[in-house]
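Student: Letter by letter, the chains look like this.
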Amino acid sequence: MAAALGGSVQGNPDETVTSFAKIEHGKKGQLCFLANMKYEHYLYTSKASIMLVAEDFRPRQALPEGLTLVRTPNPYDALAQLLAYVKNKKKQFRRHRGRCRIAFSASLGSRVWVGDYVTIGAKTRIGAQTRICDNVTIGENVRIGNDCIIYPGAVIFADTVIGDRCILHAGCVIGDDGFGNVRQEDGSWKKIEHLGNVVIGNDVEIGSNATIDKAPMESTIIGNGARIDNLCVVAHNAKIGEHVAMAALCGIAGSTEIGDRCILAGQVGVAGHLKVAPDTTLCAQTGVIGDIRKSGYYFGSPALPHRTFLKAYAKFKQSGLE
Amino acid sequence: MAAALGGSVQGNPDETVTSFAKIEHGKKGQLCFLANMKYEHYLYTSKASIMLVAEDFRPRQALPEGLTLVRTPNPYDALAQLLAYVKNKKKQFRRHRGRCRIAFSASLGSRVWVGDYVTIGAKTRIGAQTRICDNVTIGENVRIGNDCIIYPGAVIFADTVIGDRCILHAGCVIGDDGFGNVRQEDGSWKKIEHLGNVVIGNDVEIGSNATIDKAPMESTIIGNGARIDNLCVVAHNAKIGEHVAMAALCGIAGSTEIGDRCILAGQVGVAGHLKVAPDTTLCAQTGVIGDIRKSGYYFGSPALPHRTFLKAYAKFKQSGLE
Amino acid sequence: MAAALGGSVQGNPDETVTSFAKIEHGKKGQLCFLANMKYEHYLYTSKASIMLVAEDFRPRQALPEGLTLVRTPNPYDALAQLLAYVKNKKKQFRRHRGRCRIAFSASLGSRVWVGDYVTIGAKTRIGAQTRICDNVTIGENVRIGNDCIIYPGAVIFADTVIGDRCILHAGCVIGDDGFGNVRQEDGSWKKIEHLGNVVIGNDVEIGSNATIDKAPMESTIIGNGARIDNLCVVAHNAKIGEHVAMAALCGIAGSTEIGDRCILAGQVGVAGHLKVAPDTTLCAQTGVIGDIRKSGYYFGSPALPHRTFLKAYAKFKQSGLE
Chain V
1 MAAALGGSVQ GNPDETVTSF AKIEHGKKGQ LCFLANMKYE HYLYTSKASI MLVAEDFRPR
61 QALPEGLTLV RTPNPYDALA QLLAYVKNKK KQFRRHRGRC RIAFSASLGS RVWVGDYVTI
121 GAKTRIGAQT RICDNVTIGE NVRIGNDCII YPGAVIFADT VIGDRCILHA GCVIGDDGFG
181 NVRQEDGSWK KIEHLGNVVI GNDVEIGSNA TIDKAPMEST IIGNGARIDN LCVVAHNAKI
241 GEHVAMAALC GIAGSTEIGD RCILAGQVGV AGHLKVAPDT TLCAQTGVIG DIRKSGYYFG
301 SPALPHRTFL KAYAKFKQSG LE
Chain E
1 MAAALGGSVQ GNPDETVTSF AKIEHGKKGQ LCFLANMKYE HYLYTSKASI MLVAEDFRPR
61 QALPEGLTLV RTPNPYDALA QLLAYVKNKK KQFRRHRGRC RIAFSASLGS RVWVGDYVTI
121 GAKTRIGAQT RICDNVTIGE NVRIGNDCII YPGAVIFADT VIGDRCILHA GCVIGDDGFG
181 NVRQEDGSWK KIEHLGNVVI GNDVEIGSNA TIDKAPMEST IIGNGARIDN LCVVAHNAKI
241 GEHVAMAALC GIAGSTEIGD RCILAGQVGV AGHLKVAPDT TLCAQTGVIG DIRKSGYYFG
301 SPALPHRTFL KAYAKFKQSG LE
Chain X
1 MAAALGGSVQ GNPDETVTSF AKIEHGKKGQ LCFLANMKYE HYLYTSKASI MLVAEDFRPR
61 QALPEGLTLV RTPNPYDALA QLLAYVKNKK KQFRRHRGRC RIAFSASLGS RVWVGDYVTI
121 GAKTRIGAQT RICDNVTIGE NVRIGNDCII YPGAVIFADT VIGDRCILHA GCVIGDDGFG
181 NVRQEDGSWK KIEHLGNVVI GNDVEIGSNA TIDKAPMEST IIGNGARIDN LCVVAHNAKI
241 GEHVAMAALC GIAGSTEIGD RCILAGQVGV AGHLKVAPDT TLCAQTGVIG DIRKSGYYFG
301 SPALPHRTFL KAYAKFKQSG LE
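Protein chains in written order, with the working numbering: chain V, 1 to 322; chain E, 1 to 322; chain X, 1 to 322.
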């Protein structure tokens, strides 16, 4: 294992473990990891059998007997590799059709697994080894790539395009109408029909119960490698860049572009028709109402450069104490 | 087409198009529109075949050859009409029963379309030409009007009343229990059972994965023409006025009344037992914790009149720069 | 009824009612309650037949004829008991199997009710008198206790443990992957597989479309008696204490611990790896980015002690008026 992780063993090279645990809970036969030095003290009293540590880790006390260290360049990344390895061993790669309605003109690749109470619409194409779980609804003319997983309760509307190796978590809704209305003179609303679609790249994850709306005329786009957490809303015509990470309960309004590799913390809101520069970080609950041209850290509602906001807030707090 | 839209043609009256596009992307055989002068420069280099413009639009440069203008009173509204026309041509008005369980005492109007894996409970009545998509759950004694669409994954609880021409988007939940608990002396909670219902008017849209809870004793009300976006929460006993537009991730707490024609931007929160005056606009992320008696624009958490908030925030920002 | 509620009758002891109403709407044959003196004036003109009042209530005017008072220690609590009594009379305690797929190795207790289009996975155990509504998806090796209700559209992933008398509202997702990714040098993300689970105690309610993610290695925990409202997110490895009440649209980030009996108002966000002391109240839209060690009331983003925040905000508002 150590060789596979690119590390070295300090201790018993034949040690075996059967499960994972957090460092403060490790027992005999378990594997733990130490990445954040805040938790270092747990290591010296740990009963775990194997501990993943950084290559340059220097113990400050004697190690427990029975603890084997595996030194790797990045213990957190090594843990990720191990968890993935265990998960993959459990995967079933085989063709399966549950109680489902698959349109005659739909076309499913090799070893596609389809659960129960699933509907797949006309002309839809699903790539090899993709898994469609129970109670999923897929519309017409949808294209889903290879090696995807669509979890239970997800709803994918007509004309949606999804790349390879994507994961759509339970209950997410992809491609329903955007929130488009024209105000009439009497104060009522007329609906704008949406005839566009959603295009999702490769290696994307969309969280549980998140919603990505289709565009009125063209495409709402989610770039390769993006990670969208639970209960996020991406509105019609928005463009989410590659490798964007968006935590829970974020809202991106219509036609806004979020640049590549941006990080949005929880409950961030970005108003419509804006552009956010690549490599920008928006801290939790930030509200963006104007373009962000300069990448950096932003905080507050409306958003300010991080340092500016914290300085102003320190004075705000002080005024409440006087 | 120009006649139908109430406009006039400047160019080739026999021009035909096959699809729509945004103004910056238009190609031959496509229709675009110009409503926001910010995008005017795209018109002069556009390859589109037809452009919807305002009646009083005066070109500042030569128009591209091959571009036909159609002048209408309101290009955005004209576009909405065209999109609706195309969508309607695709609609299927026919009776259909998929693999569904419809209670014997339920009663469905003419040309109602029911998809697969749908359940419809006892004594429920569904109006003519309403479409119930796959994987929808409808409880007992529900009344749904004519010409409605209920998208996949929606859940409609017993006793709910829905008007005509409503659209309930995927995964929305109508009529589940409100968040009602009584605190006990030991700090625990006793649940308050909810025996009321939800009443939704005509021409209402409820967004994907939004939730509208039923009242403990009477009705939670959504007024005619209201537009509720994805992932909104309307709590028990709230009353949403006519033609209210509520963007994504808003939360309206119990027993609060939102006046007619209010506009709520994204991620707004309104506390319980409050009244918000008609024709009020609440800007994004605003938090309302007291009645709003005077219609106008409000911003901030807690909410302040828009101008007051922005002035105070400008000083707040300045204090962070010093 | 009065005896059952621990109260006394002032008026007609044989009075009967058939439904409940709010105090301002009560008619003959209905029961209302007066708990908040703000509504007292409605009592004197009420046409209701029975009114629940506090034991020490002294009418300031003549009571309407035909109105019987029932005095109880706590009218709101008495109402809750009555609503529950009515609801329970409607419950059906009987074994039922709809059109469902139940794994052969799954084991269901006595009088379990299973609706249509439900899937229940291998080795899953469901306790006596639990009701699984239509369109629910339950994975493998799940344990659900007695007397639970799982509403339509809920999705419960493998290895989830749920106690007795829990209510999972429509569309909630329990046990999907947490939002775990490791940043790579090129800015992309590598997914961290989640092999842990979610453990929910007894007497818990999880709101519609809320999501509780499983942990990477151990358990995300929801304590006994907790009340989580619609559209909340509880992230991987979080620990929600006993009797915590969390209103709609809250987000609790990974590995954070919310102490027993905390109250979180709507749209609150708590960042990751934090501890919030028991018996703390977080006001609406509060954003917590550091440990809260002292129980009390907090407000603002970032969170401040309630009084500090309001004092500072009053000055903030003033600066916007000058």
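Hints are computed from structural coordinates only; laboratory data are not their basis. Don't take each hint at face value.
What the hints assert, rightly or not - List time: in silico DSS-like cross-link candidates among lysine-lysine, alpha-carbon distance up to 30 Å: (1) Lys123/V x Lys191/V; (2) Lys294/E x Lys22/X; (3) Lys275/E x Lys315/X; (4) Lys38/E x Lys87/E; (5) Lys47/X x Lys239/E; (6) Lys317/E x Lys315/V; (7) Lys275/X x Lys190/X; (8) Lys315/X x Lys311/E; (9) Lys191/X x Lys28/V; (10) Lys275/X x Lys294/E; (11) Lys317/X x Lys317/E; (12) Lys294/E x Lys38/E; (13) Lys38/E x Lys317/V; (14) Lys294/X x Lys317/X; (15) Lys191/E x Lys239/E; (16) Lys317/V x Lys22/X.
What the hints assert, rightly or not - Chain X residues, not near chain V, derived (Cβ > 10 Å throughout): (17) Ala54; (18) Gln81; (19) Asn181; (20) Ala235; (21) Glu242; (22) Ala271.
Built from N, CA and C at the ideal position, the CB exists for glycine as well.
Student: Indicate, hint by hint, whether the structure satisfies it.
Tutor: Structure-based check of all given hints:
no.: 1; hint: Lys123/V x Lys191/V; in the structure: 28 Å, holds
no.: 2; hint: Lys294/E x Lys22/X; in the structure: 27 Å, holds
no.: 3; hint: Lys275/E x Lys315/X; in the structure: 26 Å, holds
no.: 4; hint: Lys38/E x Lys87/E; in the structure: 28 Å, holds
no.: 5; hint: Lys47/X x Lys239/E; in the structure: 24 Å, holds
no.: 6; hint: Lys317/E x Lys315/V; in the structure: 11 Å, holds
no.: 7; hint: Lys275/X x Lys190/X; in the structure: 28 Å, holds
no.: 8; hint: Lys315/X x Lys311/E; in the structure: 12 Å, holds
no.: 9; hint: Lys191/X x Lys28/V; in the structure: 27 Å, holds
no.: 10; hint: Lys275/X x Lys294/E; in the structure: 41 Å, violated
no.: 11; hint: Lys317/X x Lys317/E; in the structure: 14 Å, holds
no.: 12; hint: Lys294/E x Lys38/E; in the structure: 33 Å, violated
no.: 13; hint: Lys38/E x Lys317/V; in the structure: 41 Å, violated
no.: 14; hint: Lys294/X x Lys317/X; in the structure: 28 Å, holds
no.: 15; hint: Lys191/E x Lys239/E; in the structure: 22 Å, holds
no.: 16; hint: Lys317/V x Lys22/X; in the structure: 42 Å, violated
no.: 17; hint: Ala54; in the structure: 37 Å, holds
no.: 18; hint: Gln81; in the structure: 34 Å, holds
no.: 19; hint: Asn181; in the structure: 6 Å, violated
no.: 20; hint: Ala235; in the structure: 7 Å, violated
no.: 21; hint: Glu242; in the structure: 21 Å, holds
no.: 22; hint: Ala271; in the structure: 6 Å, violated
When the structure is compared with the earlier hints, violations turn up for hints 10, 12, 13, 16, 19, 20 and 22 and for no others.
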